[in-house]
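Undergrad: Below, each chain spelled out in residue letters.
Number of protein chains: 2
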Amino acid sequence: MISGEIFIGRARQKSAEQFQAINPLTGKELPEIFFAADATHVEQACLLAEASAEAFSATTPDVRADFLDAIADELVNVSEELIARATIETGLPCARLEGECKRTVLQLRHFGALLRDGAWLDATINTALPNRAPLPRPDLRRVNVALGPVAVFGASNFPLAFSVAGGDTASALAAGCPVVFKGHPAHPGTGELVARAILRAMERCEMPNGTFSYLPGPSLALGQALVTNPHVQAAGFTGSRAGGMALMKLANERSVPIPIYAEMSAINPVILFPGALKSRAEELGRAFVASLTMGAGQFCTNPGLILAEAGPDLDRFVAAAAEALDEHPCATMLSPAIYSNYETGVAALSANSAVRLLTRGPDGAGCNQGRSALFSAKADDFVRDPALAHEVFGASALIIEAGHFSEIPSLVEHLEGQLTATLMLDTSDHILAGTLLPLLTRKAGRVLANGWPTGVEVCEAMVHGGPFPATSDGRTTSVGSLAIARFLRPVCYQDMPEGLLPDALKQANPLGIKQQINGKFSD
Amino acid sequence: MISGEIFIGRARQKSAEQFQAINPLTGKELPEIFFAADATHVEQACLLAEASAEAFSATTPDVRADFLDAIADELVNVSEELIARATIETGLPCARLEGECKRTVLQLRHFGALLRDGAWLDATINTALPNRAPLPRPDLRRVNVALGPVAVFGASNFPLAFSVAGGDTASALAAGCPVVFKGHPAHPGTGELVARAILRAMERCEMPNGTFSYLPGPSLALGQALVTNPHVQAAGFTGSRAGGMALMKLANERSVPIPIYAEMSAINPVILFPGALKSRAEELGRAFVASLTMGAGQFCTNPGLILAEAGPDLDRFVAAAAEALDEHPCATMLSPAIYSNYETGVAALSANSAVRLLTRGPDGAGCNQGRSALFSAKADDFVRDPALAHEVFGASALIIEAGHFSEIPSLVEHLEGQLTATLMLDTSDHILAGTLLPLLTRKAGRVLANGWPTGVEVCEAMVHGGPFPATSDGRTTSVGSLAIARFLRPVCYQDMPEGLLPDALKQANPLGIKQQINGKFSD
Numbered sequence: 001m002i003s004g005e006i007f008i009g010r011a012r013q014k015s016a017e018q019f020q021a022i023n024p025l026t027g028k029e030l031p032e033i034f035f036a037a038d039a040t041h042v043e044q045a046c047l048l049a050e051a052s053a054e055a056f057s058a059t060t061p062d063v064r065a066d067f068l069d070a071i072a073d074e075l076v077n078v079s080e081e082l083i084a085r086a087t088i089e090t091g092l093p094c095a096r097l098e099g100e101c102k103r104t105v106l107q108l109r110h111f112g113a114l115l116r117d118g119a120w121l122d123a124t125i126n127t128a129l130p131n132r133a134p135l136p137r138p139d140l141r142r143v144n145v146a147l148g149p150v151a152v153f154g155a156s157n158f159p160l161a162f163s164v165a166g167g168d169t170a171s172a173l174a175a176g177c178p179v180v181f182k183g184h185p186a187h188p189g190t191g192e193l194v195a196r197a198i199l200r201a202m203e204r205c206e207m208p209n210g211t212f213s214y215l216p217g218p219s220l221a222l223g224q225a226l227v228t229n230p231h232v233q234a235a236g237f238t239g240s241r242a243g244g245m246a247l248m249k250l251a252n253e254r255s256v257p258i259p260i261y262a263e264m265s266a267i268n269p270v271i272l273f274p275g276a277l278k279s280r281a282e283e284l285g286r287a288f289v290a291s292l293t294m295g296a297g298q299f300c301t302n303p304g305l306i307l308a309e310a311g312p313d314l315d316r317f318v319a320a321a322a323e324a325l326d327e328h329p330c331a332t333m334l335s336p337a338i339y340s341n342y343e344t345g346v347a348a349l350s351a352n353s354a355v356r357l358l359t360r361g362p363d364g365a366g367c368n369q370g371r372s373a374l375f376s377a378k379a380d381d382f383v384r385d386p387a388l389a390h391e392v393f394g395a396s397a398l399i400i401e402a403g404h405f406s407e408i409p410s411l412v413e414h415l416e417g418q419l420t421a422t423l424m425l426d427t428s429d430h431i432l433a434g435t436l437l438p439l440l441t442r443k444a445g446r447v448l449a450n451g452w453p454t455g456v457e458v459c460e461a462m463v464h465g466g467p468f469p470a471t472s473d474g475r476t477t478s479v480g481s482l483a484i485a486r487f488l489r490p491v492c493y494q495d496m497p498e499g500l501l502p503d504a505l506k507q508a509n510p511l512g513i514k515q516q517i518n519g520k521f522s523d
Numbered sequence: 001m002i003s004g005e006i007f008i009g010r011a012r013q014k015s016a017e018q019f020q021a022i023n024p025l026t027g028k029e030l031p032e033i034f035f036a037a038d039a040t041h042v043e044q045a046c047l048l049a050e051a052s053a054e055a056f057s058a059t060t061p062d063v064r065a066d067f068l069d070a071i072a073d074e075l076v077n078v079s080e081e082l083i084a085r086a087t088i089e090t091g092l093p094c095a096r097l098e099g100e101c102k103r104t105v106l107q108l109r110h111f112g113a114l115l116r117d118g119a120w121l122d123a124t125i126n127t128a129l130p131n132r133a134p135l136p137r138p139d140l141r142r143v144n145v146a147l148g149p150v151a152v153f154g155a156s157n158f159p160l161a162f163s164v165a166g167g168d169t170a171s172a173l174a175a176g177c178p179v180v181f182k183g184h185p186a187h188p189g190t191g192e193l194v195a196r197a198i199l200r201a202m203e204r205c206e207m208p209n210g211t212f213s214y215l216p217g218p219s220l221a222l223g224q225a226l227v228t229n230p231h232v233q234a235a236g237f238t239g240s241r242a243g244g245m246a247l248m249k250l251a252n253e254r255s256v257p258i259p260i261y262a263e264m265s266a267i268n269p270v271i272l273f274p275g276a277l278k279s280r281a282e283e284l285g286r287a288f289v290a291s292l293t294m295g296a297g298q299f300c301t302n303p304g305l306i307l308a309e310a311g312p313d314l315d316r317f318v319a320a321a322a323e324a325l326d327e328h329p330c331a332t333m334l335s336p337a338i339y340s341n342y343e344t345g346v347a348a349l350s351a352n353s354a355v356r357l358l359t360r361g362p363d364g365a366g367c368n369q370g371r372s373a374l375f376s377a378k379a380d381d382f383v384r385d386p387a388l389a390h391e392v393f394g395a396s397a398l399i400i401e402a403g404h405f406s407e408i409p410s411l412v413e414h415l416e417g418q419l420t421a422t423l424m425l426d427t428s429d430h431i432l433a434g435t436l437l438p439l440l441t442r443k444a445g446r447v448l449a450n451g452w453p454t455g456v457e458v459c460e461a462m463v464h465g466g467p468f469p470a471t472s473d474g475r476t477t478s479v480g481s482l483a484i485a486r487f488l489r490p491v492c493y494q495d496m497p498e499g500l501l502p503d504a505l506k507q508a509n510p511l512g513i514k515q516q517i518n519g520k521f522s523d
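Going line by line, the protein sequences match chains A and B.
Per full-length UniProt numbering, residue 1 is the first one in the first sequence, and the count goes up by one each step.
Per full-length UniProt numbering, residue 1 is the first one in the second sequence, and the count goes up by one each step.
These are calculated hints, taken from the structure and not from any lab test.
Being a predicted model, the structure only gives us computed values, none of them experimental.
Take these hints with a grain of salt, some might be off.
Claimed, not checked - Ranges of calculated distance between the beta carbons of each label pair, as one might list FRET restraints:
#1 A:Leu47 x B:Arg384: 49 to 57 Å
#2 B:Gly499 x A:Ala55: 45 to 53 Å
#3 B:Pro362 x A:Leu135: 21 to 29 Å
#4 A:Asp380 x B:Pro336: 39 to 47 Å
#5 A:Asn77 x B:Leu129: 36 to 44 Å
#6 A:Asp117 x B:Gly499: 15 to 23 Å
#7 B:Ala387 x A:Ser3: 29 to 37 Å
#8 B:Gly243 x A:Arg132: 43 to 51 Å
#9 A:Pro136 x B:Arg384: 40 to 48 Å
#10 A:Leu135 x B:Pro136: 53 to 61 Å
#11 B:Ser255 x A:Arg384: 12 to 20 Å
As the list claims (entries may be wrong) - Here are the simulated BS3-like cross-link-like pairs (lysine-lysine), alpha carbons at most 25 Å apart as the crow flies:
#12 A:Lys14 x A:Lys28
#13 A:Lys514 x B:Lys28
#14 B:Lys520 x B:Lys506
#15 A:Lys520 x A:Lys506
#16 B:Lys520 x A:Lys249
#17 B:Lys520 x B:Lys378
#18 A:Lys514 x B:Lys14
#19 B:Lys14 x B:Lys28
#20 A:Lys520 x B:Lys506
#21 B:Lys28 x A:Lys520
#22 B:Lys14 x A:Lys520
#23 A:Lys249 x A:Lys102
#24 A:Lys506 x B:Lys278
Ideal placement from N, C-alpha and C gives every residue a C-beta, glycine not left out.
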């Protein structure tokens, strides 16, 4: 059941400003009324988070792991209702949302397992050397601690996996940071159902009341108030470049600056190497379109740029891709705003004299129907016009035709930072690929061979990040184990009596975790 | 031999603008002429660094470890000349500089050992699960890679350990990042001798020519040009709050923002717990003055603030400290500018009606003689006047008298971020200390018991960092093993053929490092 309320911890509030969700397929407002949070609610939620920060960060990793598992259980319990609601709020197909729900649940459990393992604490000990000359060495012990309250912004394109109980929330809670969540106005019902699941888990696990608050609302001022609140110590955001840049600016201008982890924009270049293109142009073309059109192209890792040498093999790729695109039904986009931005982007490319429209996918019934689009341009024109390297969020891609493959490195050099870079290559392409890899490594957070970038695995080795402007901080990832590091800082204790040390650093090692002692790992 | 030249890699240049060092003891210019680098040299050095970045980062960790060891060897070879020059440029005593030189050498070797160990690469592997349902898992492998060229700013107060071959340079080179170094104008001769040592090591180890450049100069514009150069990917700075904040602003306003690691200002609170104060007030008072006056108080970790309950025990502490201060000879400060800032800060405290001057140390012969100063103030006044919490760089400290020890937490709460926080406590104080520790942990990068914060050990567990404004980024340290992490970012390779993977991620593990494979560490 959806009440439309604002949740300051477990306390529910209403407000004067109200809003409704839109079903993007019909373009009509859904009946439920939601109360929009404002600066007052931000202040209350952040105060409460601050008041709970010490107690929440002091819970043992096992207790927090149980809490994350409890959130996962609560999500499973309401998954049917959740998916039904998300379907009408986002236009995403049911099967896709079922997969996303499972992934969200798995992600919570992944951080639970990470917490129990304890390596994330990075417990590092140098024991005292009292007889060292000329000066004795004190006993020094370092451990990671929680940053404090974290603001998390829901993303529209993953209403579950990158929203209320998504990766940012899961990793911040895992780190021991209370979360004040800004709900995305495009899926407020879904958001509330998830928020309620978290709050039930909070109650079941007896977590402090300020551990989680949920502030839905459509206004920019809400997010601004959140990022500038003095109690907030970091923020996680997935969304547009303009939105992320605005938050970065606010965060940097605070009297005490805080880190912003904004995942913003990428066109995820795919390089077709000559050998691969020759041996399997048609197969690549069809697989490309399958990746491009997935979820109406509304993935951060959507392959929006193809780089290849012009010629008959590329023509075969284009023909197969165009054919596949023509056959691929259009899909409802997430919101009228996203649809309108998409159409604006496609129109700008269509109007660009240096760009050739290869084909657009079929139109469909209903509102906000994203018709996929395939363009091509010459390498020289791509380098000349920076607009061609801008992300068009949706199923639009640009194929860049190089006169010769040797021009590709300079095209890659020309690119901004990316979430992913992909190499389609056969064994005969390895030498060529080897010379390009160092450059690709500098440009992207994840470099793929013979796969498509859509699909981000939750595991230890994942990096879902990349140099600016793919993200605001290329040293981090928002998916996978390492995401927890964003909300931690190291603290060193010197000659601290055993009884006063955090458990992770005690000689007795009551948490039973791996400790690095004088450069060697304990068993 | 000192030529005063600018070093763009191994190429030497002169410039129209010249400057000289000042011997702070005599206040007179030293005879050697130095050429000031300008924006043109910045451009050349950064271009060269960028051109060398790929090759330098591709050197194996062992090769870079040998390079760091070679720098250490070259420093040892010139240590006598180095210390003699540093003495006249900084006014620091010879014994102190001998210690600092050894520390600098050890620090280079520490990062060498770290490189050989390989754990810093964080090689993390998830092998493919081709049969997983509903979707197979690709092979995913993550490793840390170098950020690219790094700008490092020399600090005046540690002409060796935090300057040309200091911690920032050592950790950036260890990470595989070329360094463009801005030499501090207060010790240009020392700087050049160290730069020449690095360049000799670079030649001996056949490192790319852009691995290190040395740009001495007194102008702010030089540093600004460096931080805004598009090839520079990160910067390390130790200095004033104003200087660090200016660099942060420039770095954030770039079209591609970069991380700035600025270590800026701290007053390093020391809390005297009742039991300790009762049992050893005099001993604490004397030890406090020894730490306060070390190196004329010109340490980032200088204990500038004492918090304690007013009463006869604190009076004993104050009396012993005042007596020790009266007996402690004054010392030459690093530069006329630092001396003048110190005197301004002391004068401001002296003129503050809420502050009582307890005593000043003796005056001495020569210029720029820093007379230590001890002040006290009431807790209420400390909270009322933010100026009382500002750093006075030098041997000046303020003792805050609380009406009751229970006021101490609110005083700590009132403090900005700190490099260190220290507890002087006996066993009888442990319960009281336990309640205060979580707050101290949020305020400081290093929390000490019964030691003094001056003295920063180079080891695995050290954190020399802390929440803003102690540093610009409380998630990092500028001393110890973890300092290398500032210049690294993670990259994930997906389904990359073995031959194209970085060595650290190869199945064959040619580097012989620890790899985490599917959550378990290899042997």
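Undergrad: A separate judgement is required for each hint: does it hold in the structure or not?
TA: Checked hints:
Between A:Leu47 and B:Arg384 the CB atoms are about 23 Å apart, so this pair departs from the stated range of 49 to 57 Å. Under the hint 45 to 53 Å, the C-beta atoms of B:Gly499 and A:Ala55, about 52 Å apart, fit the expected range. Between B:Pro362 and A:Leu135 the Cβ separation comes to about 27 Å, which falls inside the hinted range of 21 to 29 Å. At about 57 Å, the CB distance of A:Asp380 to B:Pro336 disagrees with the hint of 39 to 47 Å.
Checked against the hint of 36 to 44 Å, the pair A:Asn77 and B:Leu129 fails, with Cβ atoms roughly 28 Å apart. The hint said 15 to 23 Å for the Cβ distance between A:Asp117 and B:Gly499, and at roughly 32 Å that hint is violated. The supplied range of 29 to 37 Å is broken by B:Ala387 and A:Ser3, whose beta-carbon atoms lie about 50 Å from each other. A beta carbon spacing of about 35 Å between B:Gly243 and A:Arg132 contradicts the range 43 to 51 Å that was offered as a hint.
Checked against the hint of 40 to 48 Å, the pair A:Pro136 and B:Arg384 passes, with Cβ atoms roughly 41 Å apart. Between A:Leu135 and B:Pro136, the C-beta spacing of about 57 Å keeps the proposed range 53 to 61 Å intact. As the Cβ distance of B:Ser255 to A:Arg384 is approximately 18 Å, the hint placing it in 12 to 20 Å holds. At roughly 24 Å between alpha-carbon atoms, A:Lys14 and A:Lys28 fall within 25 Å of each other, so this suggested pair holds.
In summary, the hint linking A:Lys514 to B:Lys28 is not supported, as the alpha carbons are separated by about 57 Å, beyond the 25 Å threshold. Proposed proximity of B:Lys520 and B:Lys506 is supported: the alpha carbons are some 16 Å apart, at most 25 Å. Between A:Lys520 and A:Lys506 the alpha-carbon distance is near 16 Å, which keeps this suggested pair within the 25 Å criterion. With a C-alpha separation of about 40 Å, the suggested pair B:Lys520 and A:Lys249 falls outside the 25 Å cut-off, and the hint is violated.
Straight-line distance between C-alpha atoms of B:Lys520 and B:Lys378 comes to about 55 Å, which puts the hinted pair past the 25 Å bound. For the given pair, A:Lys514 sits about 54 Å from B:Lys14 by alpha-carbon distance, which is inconsistent with the 25 Å threshold. A distance of roughly 24 Å separates the Cα atoms of B:Lys14 and B:Lys28; the hinted pair therefore holds under the 25 Å criterion. Of the pairs offered as hints, the one joining A:Lys520 and B:Lys506 holds, with about 23 Å between alpha carbons and a cut-off of 25 Å not exceeded.
Proposed proximity of B:Lys28 and A:Lys520 is contradicted: the alpha carbons are some 51 Å apart, above 25 Å. A hinted pair counts as satisfied when its Cα atoms are at most 25 Å apart, and B:Lys14 with A:Lys520 does not qualify at roughly 49 Å. Under the criterion of a C-alpha separation no larger than 25 Å, the hint pairing A:Lys249 with A:Lys102 is inconsistent with the structure, at around 35 Å. For the hint pairing A:Lys506 with B:Lys278, the CA-to-CA distance comes to about 28 Å; that exceeds 25 Å, so the pair is violated.
Checked against the numbered hints given earlier, the structure breaks hints 1, 4, 5, 6, 7, 8, 13, 16, 17, 18, 21, 22, 23 and 24 and satisfies all the rest.
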